[in-house]
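Using the hints, position chain B against chain A.
Residue numbers (the UniProt record's numbering), protein chains in the order written: chain A, 1 to 415; chain B, 1 to 415.
In this list, chains with the same sequence are indistinguishable; a pair is considered to hold if it fits within one copy or across any two.
SDA-like, lysine to any residue: derived pairs with alpha carbons at most 25 Å apart:
#1 LYS267 - ALA304
#2 LYS181 - ASN412
#3 LYS380 - PRO270
#4 LYS380 - PRO232
#5 LYS267 - ASP319
#6 LYS267 - THR281
#7 LYS267 - VAL321
#8 LYS380 - PRO230
#9 LYS380 - ALA279
#10 LYS392 - GLU223
#11 LYS26 - MET222
#12 LYS380 - GLY360
#13 LYS392 - ARG10
#14 LYS380 - GLU223
#15 LYS267 - MET222
#16 LYS392 - GLN353
#17 LYS267 - GLU223
Because the hints were derived from the structure by calculation, they are not lab data.
There are 2 protein chains.
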Amino acid sequence: MSMLAINGERLWQSLMDLAAIGATPKGGNARLALTALDGQGRDLVTGWMRAAGLSVTVDQVGNIFARRAGRNNALAPVMTGSHIDTQPTGGKFDGCYGVLAGLEVMRTLNDHGITTEAPLEVAIWTNEEGSRFVPVMMGSGVFAGVFALQTALSATDVAGKRVADELAAIGYAGDAEVGRKVGAYFEAHIEQGPVLEAEGNVIGVVTGSLGLRWYDVTVTGMEAHAGPTPMPLRMDALYGATFLMQEVIRIANDFAPHGRGTVGVVKVHPSSRNVIPGAVTFTVDLRHLDPVRLAAMDARFRAACAAVADGTTTGAALDVVVQDVQYFAPTPFAPELIRHVRQEAAARGYSHQDIVTGAGHDAVYIAGVAPTAMIFVPCKDGISHNEIEDAKPEHLEAGANVLLGAMVAQANASA
Amino acid sequence: MSMLAINGERLWQSLMDLAAIGATPKGGNARLALTALDGQGRDLVTGWMRAAGLSVTVDQVGNIFARRAGRNNALAPVMTGSHIDTQPTGGKFDGCYGVLAGLEVMRTLNDHGITTEAPLEVAIWTNEEGSRFVPVMMGSGVFAGVFALQTALSATDVAGKRVADELAAIGYAGDAEVGRKVGAYFEAHIEQGPVLEAEGNVIGVVTGSLGLRWYDVTVTGMEAHAGPTPMPLRMDALYGATFLMQEVIRIANDFAPHGRGTVGVVKVHPSSRNVIPGAVTFTVDLRHLDPVRLAAMDARFRAACAAVADGTTTGAALDVVVQDVQYFAPTPFAPELIRHVRQEAAARGYSHQDIVTGAGHDAVYIAGVAPTAMIFVPCKDGISHNEIEDAKPEHLEAGANVLLGAMVAQANASA
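Here chain A stands alone, though its shape is the one from the complex (with noise of 0.2 Å):
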């Protein structure tokens, strides 16, 4: 059964022909979220999916399920899915090689006749990438309890045109209820990251989810012309603050191999060439797949605040205010799912490795309401969000060969 194996040119032609919609001229998409190519989008999809016999429904934020009968339909469905929404400047694969990933494994299933023991399902969730409407990750977010349906079908865009009058005018607003029960979800994406790249592996095995802190952080020392001001008589807060930005680094790569640390984002007051700096404010990104090394590398962060305030590391006390922005736990994935994935790979001879993921998926919310595992493909250098997106045709055949083996194990093993 595991050598079954999908259609390659199928799965490529069907990426391509959605990519046909929101067209960029750089070779990229822009099929935002509800706008009216996201509609073109969602029907294309959707006739393919009925084509393969699927039912599809729809619930009331929009997310589409599109199910394929078991021989025990009372079991909670083996669920795949991803979105097909876009960045402004997105690529071809962010989401759409999820979802059409599982399509594709529908699709084979029908061409050899076989039928699971528990119903399989393809989710296409509303709003993944949240660039037209807050919050991100919104469909699957309302089915997993994140947040309440009211919020989403509320939130509007910067014409003020809010998500329930969108899905309506696209005709996704649905009347099925939003969450239920699922057996299991596996997830389908290009890395986003040059792991697999690097590594010159075709899977990823996709052990969990790095939790992540935010922060900003205002240094305040005191502002003086840059000229009549002696060294010693100084307070700089740029000064002080270079080093929390060095030891957001540090930090990240004691905490080896799944600590990250970023300084992403610095404001200077007064900001002039011949001004000392009065005051310096700069976002701190930590993330983690241990919530206890997590909570160390924040631990030592605040330390670090701490030594900059009271001047024991520049000899200037500074003012030191670190501001909580932002926690997401992390969210370890569901071993016997991981583990269908591991094996499929290993039983087809692709090269893979475990890795984690760092950029939020749909997969990471459902996680909260089922076992959960996803299967990365590598994307060229690394890059998403971007036009210039790509991944290699073979590799997205070898991760929906995996999607497909565990998939049918899971349904398979419901019994």
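Just chain B, lined up with the frame of chain A:
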């Protein structure tokens, strides 16, 4: 002769009277160069000059000279002066103190019926601040031949108004040729820095002006997502840049006491919380009193840039481009004039110290064409270019007494 003393109350009253023109609600001054308010300020001070029996001339760039005849009027004058234009939210003392201390010297000599060997002059230099028209230090710069008269006269403000027309509008488009021989130049000024206050001294004997080198530095790495990109695969432009920002400070510390190093502006691209910075541009300001040491600071900074570029510093090679923006050579002041200032401070029992100026002053340009020295007095918290700029009457009086003694000594030494 050296115990001759100025009238501190009269000096203070003149400062306050001038400060009433363009007074701001927060206690500062807004009397931008060549505005109607600057014209009113010039009228007030030249009125005082004429009342003190001084002969007033105005040159083609609007510089004002008030001359008190000596016994030998063939000698080049011993001059003092400064400016009375202010920043948009400037203080009452920056510049005005130097002009009115000079006037007070003249009034005091009148009071005592003293005639010096060489003639004395008080100068009011046009547009020192550069807030409305660039170049900054315009009047003294043209006088010293640093830039051409036509460059100054054709400079425009943001409304497109020309210096030449604005000079005429306020009645200060003079006809005297710009530039002539000056026997010696003294300038009294508030320190605009924190050194005298920190050291508890009343008089700063200014031995010279720091030279400076300005750079724009751009570090380029690779922009990537903060979550999916493991630390060893990153090319974090900001991380590399922080080492250079710190090296600027370390270099200045290692070239104490006259080294200065400041990073005042930092721009991060793309400036998103969860994106590893792909490029960082920041400004560098290095200063020193000694040209050889300033060159050594420059060499050390460039070596640090090279070490970041080749990956020695962070392990990741980054592109580093250093662009030279400005160079001002260090300006040592005239030893014999410095000696007059130091001797006067000592003879009058004022606590004093040698000091350098890191800020630009008209004296720095005049030093290129005449023996020059400056006298600093403390200002509160080292704050200037600010409406809360403040100075103590007794310090202003002390500085004017030193100016009086130094000018008389120099004028009589000319015999």
